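**Student:** Chains A and B supply the protein sequences, listed in that same order. Everything in the first sequence is counted per the numbering used here, starting at 1 for the first residue and increasing by one. Everything in the second sequence is counted per the numbering used here, starting at 1001 for the first residue and increasing by one.
Hints are computed from structural coordinates only; laboratory data are not their basis. Treat the numbers as computed from the prediction; the structure is a model and nothing was measured. Hints should not be assumed to be uniformly reliable.
[As the list claims (entries may be wrong)] Simulated restraints, written as ranges between beta carbons of each label pair:
no.	chain 1	residue 1	chain 2	residue 2	range
1	A	213	B	1154	57 to 63 angstroms
2	B	1063	A	117	23 to 29 angstroms
3	A	99	B	1155	46 to 52 angstroms
4	B	1059	A	202	52 to 58 angstroms
[Said to hold, decoys possible] When the alpha-carbon atoms are kept at most 25 angstroms apart in a straight line, the in silico DSS-like pairs for lysine-lysine are as follows:
no.	chain 1	residue 1	chain 2	residue 2
5	A	203	B	1067
6	A	170	A	14
7	B	1297	A	209
8	A	203	A	14
[Said to hold, decoys possible] Sample of chain B residues with no beta-carbon within 12 angstroms of chain A, all distances over it, derived:
no.	residue
9	1199
10	1208
11	1294
Here a beta-carbon is modelled for each residue, glycine too, at the ideal position from N, C-alpha and C.
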Amino acid sequence: MSQFKELTIQGLWKNNPGLVQLLGLCPLLAVTATVTNALGLGVATLLVLVGSNVTVSLVRNHVASEIRIPVFVLIIASLVTVVQLLMNAYTFGLYQSLGIFIPLIVTNCAIIGRAEAFASKNAPLPSALDGFMMGLGFMLVLLVLGAMRELLGQGTLFDGADLLLGDWAKMLRIEVFAVDSHFLLAMLPPGAFLGMGLLIALKNVIDNKLKQKQTIEKGSIARARVTGAAQ
Amino acid sequence: MSFKIASSPHQHSQRSTSQLMRLVVLACIPGIAVQAVLFGYGVLIQLLLAVITAWLSEALVLMLRRKAVFIRLKDNSAMLTAVLLAVAIPPYAPWWIIVIGTAFAIIMVKQLYGGLGNNLFNPAMAAYVLLLVSFPLQMTQWLPPLSLQSVTLTPLDAVCSIFTQYSCSGFSLAQLQANVDGVTMATPLDTLRTGLSRGLTLDESLQNPVFFAFAGAGWLWVNLAYLVGGLVLIQQKAIGWRIPVAVLASLFVLSAVASLAAPDSIAGPMFHLFSGGTMLAAFFIATDPVSASTTNKGRLIYGALIGLLVFLIRSFGGYPDAYAFAVLLANMTVPLIDYYTRPRTYGHRQRSELK
Chain A
1 MSQFKELTIQ GLWKNNPGLV QLLGLCPLLA VTATVTNALG LGVATLLVLV
51 GSNVTVSLVR NHVASEIRIP VFVLIIASLV TVVQLLMNAY TFGLYQSLGI
101 FIPLIVTNCA IIGRAEAFAS KNAPLPSALD GFMMGLGFML VLLVLGAMRE
151 LLGQGTLFDG ADLLLGDWAK MLRIEVFAVD SHFLLAMLPP GAFLGMGLLI
201 ALKNVIDNKL KQKQTIEKGS IARARVTGAA Q
Chain B
1001 MSFKIASSPH QHSQRSTSQL MRLVVLACIP GIAVQAVLFG YGVLIQLLLA
1051 VITAWLSEAL VLMLRRKAVF IRLKDNSAML TAVLLAVAIP PYAPWWIIVI
1101 GTAFAIIMVK QLYGGLGNNL FNPAMAAYVL LLVSFPLQMT QWLPPLSLQS
1151 VTLTPLDAVC SIFTQYSCSG FSLAQLQANV DGVTMATPLD TLRTGLSRGL
1201 TLDESLQNPV FFAFAGAGWL WVNLAYLVGG LVLIQQKAIG WRIPVAVLAS
1251 LFVLSAVASL AAPDSIAGPM FHLFSGGTML AAFFIATDPV SASTTNKGRL
1301 IYGALIGLLV FLIRSFGGYP DAYAFAVLLA NMTVPLIDYY TRPRTYGHRQ
1351 RSELK
């Protein structure tokens, strides 16, 4: 149970692939212009990550370590192909709007990073969980960034969600405010970089606040003079 | 006669940052005045909006950073950034353009890098690029000079059109852009670019009424006014001569050579020097002490690089004027330029001489 908790915290916050490891930045920055795109790519990455972690973990004792990287890449590439074909079949609009970034999931360093760092050393179940949590952490960053950019850029949320979820999702579209001219910068790559920087800064601020709180709680004994070594 | 004994540095500037910044703002006044007289009062309202936004956003960030607010506001650097951005954007752009731009310049480009003295890029120009990339329509709605406008705008009309996009008598900006014959007119640089891209020769393009003498109507005087302001700054030793001279010389030489080689498609040197934001950029923007090169040789290289980029972007690029891009690109090269042009310290020989 403690491993479950640890993996969750690592994946969602402490070792978040997007905010801390800064892996997979290319899709993270490129497709987060709207929440729908972010959600689509996030789910696709999540699926591939869980699948690849489980598979790598299953074959970890049968693959010689000299050739492990090609094998990992092969596994990831086949999973990406599966996801790509599924998206082509069931969410064609989104498949078209994500374009090259679906096949590019293969090169997402977050996936091969987890395969190498975790799945190749652990049993299938923890690996699946690690993949799920890392994928979820990545997806959450995508979603927050997508929401920020879509809101700033065109004043809506969940625009085009029907491409991913079917026709009923058209009602999900929220028009927060109507603008005459779109704020193009938020939708262009520079806006993604700026937004990403702000998110990372926000995370650091929160971490610092938490740390301060902890030290205050710990150091409840009031001393008149504290030297560095005594702490 | 008294012998003063003081520790080094023995030679120091008598001027504080605050006075320097104020002097630069004051030197902008001739240019702003000419802009207001020839192109209408919009620029004054933009100035007001920009300065207020700059002060508010600077105060906001300083409070968040828990720094002393008033001491830093008094250094006038936020005001200078606001002024430079306000004169660079179209005078009748909607009010939120200048507000977004100034807030971005102060908060993102200046304060997030650590405040005055730490910013890598020129805040006003980075904000200009942000606006140009984000709102291409609003950022290119320049009105022709008053003498060519079909409708005369009163100061009240300027307020109306900035805040509601329509003048008080109900004309939209697009209507105001048109001359008496109903032909829309843009800036001279833009008109020239459009003419050339339609296959006209340079001479044919210059037949448009927005051109006057060897430059654009109105723009010639604006540039001359900024030239005067800039010369005052050099005379007052507020800025060095190297950057402006290098910018203008490189632009002059390049356009002279190129227009001799291709007289039908490249505008001549005088047109380049007195069009768009040439003088404003050469004297007021490129000389920003924070983001420009700091060595003497480096300043010449930096200025020449800006001139080269301006010429290239104006002649072959996608935008009619190029100062913001040129200055930002040159800002990026500053650390490299400074590294290779470090001056010899007194008492030390150059490495090459030692061998």
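**Student:** Look at each hint and say if it fits the structure.
**Tutor:** Going down the list of hints, with the structure as the test:
1. 213(A) <-> 1154(B): 57 to 63 angstroms: Since residue 213(A) and residue 1154(B) have Cβ atoms about 59 angstroms apart, the given range 57 to 63 angstroms holds.
2. 1063(B) <-> 117(A): 23 to 29 angstroms: 42 angstroms, violated
3. 99(A) <-> 1155(B): 46 to 52 angstroms: Given about 51 angstroms between the Cβ atoms, the range holds.
4. 1059(B) <-> 202(A): 52 to 58 angstroms: 22 angstroms, violated
5. 203(A) <-> 1067(B): 22 angstroms, holds
6. 170(A) <-> 14(A): 35 angstroms, violated
7. 1297(B) <-> 209(A): 47 angstroms, violated
8. 203(A) <-> 14(A): Within the cut-off at roughly 10 angstroms; holds.
9. 1199: 30 angstroms, holds
10. 1208: At about 28 angstroms from chain A, residue 1208(B) clears the 12 angstroms cut-off, so the statement holds.
11. 1294: 27 angstroms, holds
Checked against the numbered hints above, the structure violates hints 2, 4, 6 and 7; every other hint is satisfied.
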